[in-house]
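Undergrad: Read off the chains here:
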Amino acid sequence: MSRGKYLIALAGQPNCGKSTVFNALTGAVQHVANYPGVTVDKLVGWYRYNGTKVEVVDLPGTYSLTSYSPEERVSRDFILGEEPSAAVNVMDASNLKRCLYLTFQLLEMEIPVVLNLNMMDVAQKAGHDIDINLLSQRLGIPVVPTTMKTGKGKKELMECIASLSGEGSNRRDHPARVDYGKLEPYIREIGEKLSSETALALHYPVRWLAIKLLEADSEAWRLIREHHRDDGGLLAFAEEKRTEFETLYDETPELHIAGRRYQAAADIARSCIKTGTADTSPLADKIDRFVCHRFLGPAILVGVIWLLYYLSIVQGYNLTNYTWPLLAKLRGAAEAVTPSPGFIDIPVLRSFTLWFVDSINALLNYVPIFFILFALIAVLEDSGYMPRMAFIMDRLLSRFGLHGQSTLPMVLGGVYVGGCAVPAVMSCKGIPDERSRFATILIIPMLNCLAKVPLYVLLVNIYFAAHKAWAMFFISTVSLLLVLPTAKILTLTVLKRKETAPFVMELPPYHLPTIRGVLQRAVERVWLFLRKITTIVAAVAVVLFVMLQFPGLDDKRQAHFEREKETAVAAFLDRIEGTAYADLIGRDNMMEFINYWNSYKSARLKGGGGAGLDRTFREKNPDFFSIVKRKGQDGTKAYLAAKKVVRERKKLLMQMRKERINRSYLGRIGKSIEPVTQWAGFNWRVNVALLSALAAKESSVATLGALYQSDERGQALEQRMAEGEKGFTSLHALALMLFMVLYPPCLATAIAVKLQAGSVKWMLFSMVYPMVLGLAVASAVFTLGSSLGLTGLQAMAGFYGLALAFTIFMGFFKTESTYT
Amino acid sequence: MVLEEMRPGSEGLVKKMSKGDKLGQRLMDMGFYPGLKFKVIRNAPLEDPMQVELEGYFITLRHEEARFVEVEPS
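As they're listed, the protein sequences go chains R and B. Residues in the first sequence are numbered from 5 upward in steps of one, following the numbering used here. Residues in the second sequence are numbered from 369 upward in steps of one, following the numbering used here.
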C-alpha cells in the first residue's frame with residue numbers, strides 16, 4: 005500500500021451499527037457499486053486523515069465468513085483479494101460473545117484488525133462494564149470503544165486505523181488464535197502439506213486455508229482446484245482427514261471448529277465483562293408480543309401493506325399530478341425544436357423525437373411513486389420489521405416453493421391491484437434461498453402491476469359493464485391463484501436443481517430509522533433504476549418505432565392522401581374567399597395558421613384560458629387571434645372554415661396512421677400469428693396491441709386507441725372499441741384479460757430480472773414461459789368457453805373455481821423435505 | 369430431545385447439532401452452540417416457523433430445521 009492512500013474494510017455482523025460507523029467516518033462521500041458477478045451492493049466511501057486519503061469499503065454484514073451466502077463470499081474475497089491495510093471489526097458492545105465469533109475468523113485471515121466496540125452507551129445502560137484494556141490484551145489487537153451515534157470515539161478510531169495502516173506501524177505480532185484442541189494436529193498436517201507442496205502459501209494464510217479445507221468449504225476447494233495442479237491428491241488428503249476426525253470424535257470438523265470459536269469467545273467475554281444489573285427483557289420482546297401475535301400479527305401485516313400501497317401508489321400517483329407538467333414541458337421543448345408538421349406529412353424526425361420522449365416520459369412519470377416506495381422499503385428494512393413479515397408469512401409461502409422473504413417483493417409487485425414489478429424484482433436479492441429467490445423473481449411479473457390496470461378497466465367497462473365490481477375483484481385476486489401454483493410448478497421442475505439454504509435468521513432489535521438514511525437509500529435506488537433501465541427502454545422505443553412506422557404507405561395510397569389534402573385545402577380557401585382573411589392566409593402560410601390554431605386550443609385545454617394566454621397569442625399573431633376568437637362576421641366565417649379543415653386534417657392523419665400500422669412490420673407479425681392466437685380469440689389488432697405492450701404495458705391501451713380510430717371526435721375508446729370489434733364478446737375479453745395477467749414482463753422488468761438472476765438465459769425464460777402459459781390459458785378458456793356456449797361471466801366464475809381448487813391442491817401437494 | 373419438540377415458553381440448553389453440513393454450520397453461525405441457554409418464545413401464526421431467544425437476541429427457524437438441534441430441557 006502506498007503512502008498516499010490506505011484501503012480499509014469495515015466488517016461486522018448484521019445490526020451491529022456498522023452503517024452508522026461507515027457514515028460517521030466517510031460523511032457524504034460514498035457511492036454504491038456491485039461486487040463483480042453478484043448482486044451484493046458494494047458501499048465505498050472516503051475520508052482524509054492527516055493528509056492521507058483513506059478509502060473505506062463497507063462489507064456486507066455477515067454472521068460468519070464461510071461460503072454460505074454471496075455476502076459472506078464477497079466479504080472474504082475482498083479481504084483476501086484486495087488486501088486492505090486494515091479491517092475495522094465493528095461490534096455491538098452489548099453482544100460481545102457472538103460478535104467475537106466473527107473476529108476470530110478475521111484474525112485467521114491474518115489481516116491487521118482493529119476492534120471497534122460500538123454502541124457503548126447502550127451497553128453501559130444495560131449494565132455491561134467492559135474492561136477495554138484486558139480485551140485488547142487478550143485478543144492481541146487494538147480495541148476502540150465508540151458511540152458513533154454521537155460521534156464519540158471517532159477521532160480515536162481514525163487515529164488507530166492510521167497507525168495500523170501506516171508503514172512501520174506498531175502492529176502487534178501475535179493476535180489471539182483459537183485453540184482448536186483435538187483438531188489442531190489435523191490443521192498442522194494439512195498446513196504442512198499446503199506449504200511444502202503448493203505455492204498457495206504465498207497468497208493465502210496457510211492456517212486459514214487448512215481450517216477451511218477441514219470445514220469442507222466449497223470456495224476453498226475451488227481455490228485449490230484453480231491454483232494447484234495436483235489438486236486430486238491434496239483434496240483427497242483433506243477429505244481423508246475430515247472423515248478420520250469425524251469417525252474418531254463423532255463430530256464434523258466444522259461443528260467442532262464453530263464450537264471452539266464460541267468457547268474462546270465465551271471465555272474472553274466472561275473475563276472482560278462485568279455485568280452489573282440483570283438483563284431486563286429487551287424492547288424487541290415487548291413489541292413482538294403484538295407484531296408476531298397469532299391474530300394481531302397478520303392484522304398488523306395487512307395494515308402495513310395497505311399503508312405501503314396507500315402512500316406510494318395512491319399518494320405517489322397524486323404527486324405525479326405535480327411532476328407530469330414538468331415532463332410535459334420537456335415534451336413541449338422537444339416539439340419546439342423539431343421540424344414543424346406539414347398538412348399530412350409529419351417529418352419522421354418529429355414523430356420519432358416525440359415517440360422517444362413519450363416513451364421515456366412514461367417511465368419517468370413513475371419516479372415519484374418509486375421514490376416513495378423505495379423510501380418506505382428503507383423504513384421497513386431499517387426498522388427491523390421485514391424479518392417479522394417473513395416470520396408470519398413463511399409457512400404459507402413455503403408451501404408453494406416461495407420463502408417468507410418473498411412477502412415484500414410480492415407486495416411491491418401488486419398482490420392486489422397496482423404494484424410495479426421493477427422494484428419488486430430488485431427487492432428479491434435479500435432472499436438467501438436461491439430456489440425460492442428464482443421462483444419469486446419469475447412469478448412477480450404475473451402480479452397486477454399498475455400498467456396492466458388500464459386494459460382491465462377498458463375491457464371491464466365494455467364487456468362486463470353490468471358486473472364491474474365482480475369483474476375487478478376477479479382480476480385482482482385471480483393473479484394470486486395463478487402465481488402460487490405456478491411458483492410451485494417451477495420449483496418442482498426448472499428450479500429443482502437450484503441450491504436451497506436454511507431459513508434460520510435473526511429477528512433483529514427494532515430501530516427507529518433515520519431520515520438521512522432513508523432518503524439516501526431512496527435517492528440511490530431511484531438513481532440506479534434510472535441509470536440501468538432508462539437506457540434499455542430508450543433502445544427498445546427506437547426498435548418499436550421502426551417496426552410500427554415502416555415500411556410506410558405505398559405510392560398509390562400516398563397519392564390518394566395528397567389528393568384528399570388538396571381538396572380539403574382548396575375547400576378551406578374557398579370558404580374564406582371574400583372575407584378579410586382571404587389575403588392573409590394562403591397555401592404558403594396555411595400550416596403556420598393550423599399550428600397556431602392547434603397550439604391555442606391545446607393551451608386552452610391545459611391552462612383553461614385566461615387573459616395572460618390571450619395576450620401571448622394576440623402578440624404572436626393578431627390576425628390569427630381574431631379568427632380563433634371569432635371576431636366579427638368575417639372572423640366567425642373563417643373560424644368555421646378553419647374548424648372544418650382542422651377536423652379534415654385530423655381525419656386524414658388518423659387514416660394514414662391506421663394504414664401505416666396495418667402495413668407495418670409489427671402489423672404483419674400480428675397478422676402472421678393470428679392462426680395461433682385465434683384459439684384465444686385474439687385478432688391481429690389485439691396481437692399488435694399486445695406486442696407493443698412488450699416495451700411497457702401501458703402501450704396496449706394506447707395502441708388500441710390508435711387502431712380503433714373513428715371519424716367522430718371525442719368518442720371514448722370504450723365506444724370505439726365496441727364498434728370496431730362487433731364480433732367481440734365478453735368471452736373474448738376474459739381471455740384477453742387472463743392473457744394480460746400472465747403477460748411477460750415489460751422490458752424494464754426483464755432487465756431487472758437479468759440483473760437479479762444474473763443471466764440473459766433466465767431473462768429470456770422469464771419472458772417466454774408466461775407467454776406460452778398465457779396463450780395456453782387464454783386459448784383453453786376461449787375455446788372451451790365457446791364450445792360450451794358460456795358467457796364471459798360464467799366462464800369467469802368457472803375459471804376462478806378451478807384456479808382456487810388447483811391452488812389448494814398444489815399447496816397440499818407435498819414436496820420432499822430439504823433435510824433428510 | 370430436539371428443539372422442534374419444545375413448546376413455547378420452555379427453556380433449555382443446546383447440546384449439539386445433529387447435522388454437520390450447511391445447516392449445522394449455519395445454525396452455529398447464527399449462535400446455536402453447545403452449552404447455550406435458550407428459550408422458545410412462540411410459534412408463528414401458522415405454527416411454523418418458531419422464534420427462539422438466545423442470550424438477548426432472537427432467532428427464527430423452521431421446525432424442520434429445529435429437528436437437528438439436540439437440546440436438554442431445563
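Simulated from the structure, these hints should not be mistaken for laboratory data. Even for Gly, the Cβ is constructed at its ideal location relative to N, Cα and C. Possibly wrong hints are sitting among the right ones.
Unchecked claim - 20 Å max Cα-Cα, derived PhoX-like pairs, lysine-lysine:
#1 B:K384 <-> R:K101
#2 R:K101 <-> B:K383
#3 B:K405 <-> R:K186
#4 R:K186 <-> B:K384
#5 R:K500 <-> B:K384
#6 B:K407 <-> R:K290
#7 R:K278 <-> B:K390
#8 B:K405 <-> R:K101
#9 R:K605 <-> R:K560
#10 B:K407 <-> R:K101
#11 R:K502 <-> B:K390
What the hints assert, rightly or not - Among chain B residues calculated to face chain R with C-beta under 8 Å, some are:
#12 M369
#13 G380
#14 K383
#15 K387
#16 Q393
#17 L395
#18 R410
#19 P413
#20 P417
#21 I427
As the list claims (entries may be wrong) - Sample of chain B residues lacking proximity to chain R, with all beta carbon distances greater than 10 Å (derived):
#22 E373
#23 M374
#24 D416
#25 Q419
#26 E440
Undergrad: Given L395 (chain B) as an interface hint, is the shortest Cβ-Cβ distance to chain R below 8 Å?
TA: L395 (chain B) check passes; min Cβ-Cβ to chain R is 6 Å, inside 8 Å.
Undergrad: Check whether the Cα positions of K101 (chain R) and K383 (chain B) lie no farther apart than 20 Å.
TA: It holds: about 18 Å lies between the C-alpha atoms, which stays within 20 Å.
Undergrad: Regarding the pair K605 (chain R) and K560 (chain R), is the alpha-carbon distance no greater than 20 Å?
TA: Violated, at roughly 34 Å.
Undergrad: Is the Cβ of E440 (chain B) farther than 10 Å from every Cβ of chain R?
TA: holds (16 Å)
Undergrad: Hint validation: Q393 (chain B) versus chain R, beta carbon distance must be below 8 Å. Holds or violated?
TA: Since the shortest Cβ distance to chain R is 5 Å, the answer is holds.
Undergrad: Within a Cα-Cα threshold of 20 Å, do K186 (chain R) and K384 (chain B) meet the stated pairing?
TA: Distance ~17 Å between K186 (chain R) and K384 (chain B) Cα, so the pair holds.
Undergrad: Is K405 (chain B) within 20 Å of K101 (chain R), Cα to Cα?
TA: holds (13 Å)
Undergrad: When you look at the beta carbon of D416 (chain B), is every beta carbon of chain R farther off than 10 Å?
TA: Per Cβ check, D416 (chain B) is inside 10 Å of chain R; nearest 4 Å; violated.
Undergrad: Measuring from the C-beta of P413 (chain B) to each C-beta in chain R, is the shortest one below 8 Å?
TA: Check passed: Cβ of P413 (chain B) comes within 5 Å of chain R, closer than 8 Å.
Undergrad: Quick one: work out the minimum CB distance from Q419 (chain B) to chain R and report holds if it exceeds 10 Å, violated otherwise.
TA: violated (6 Å)
Undergrad: Does R410 (chain B) pass the interface check with chain R, least Cβ-Cβ distance below 8 Å?
TA: holds (6 Å)
Undergrad: Classify the hint on P417 (chain B) as holds or violated, based on whether any CB of chain R lies nearer than 8 Å to its CB.
TA: Since the shortest Cβ distance to chain R is 6 Å, the answer is holds.
Checked against the numbered hints given earlier, this structure breaks hints 3, 5, 7, 9, 12, 13, 14, 24, 25; the rest are met.
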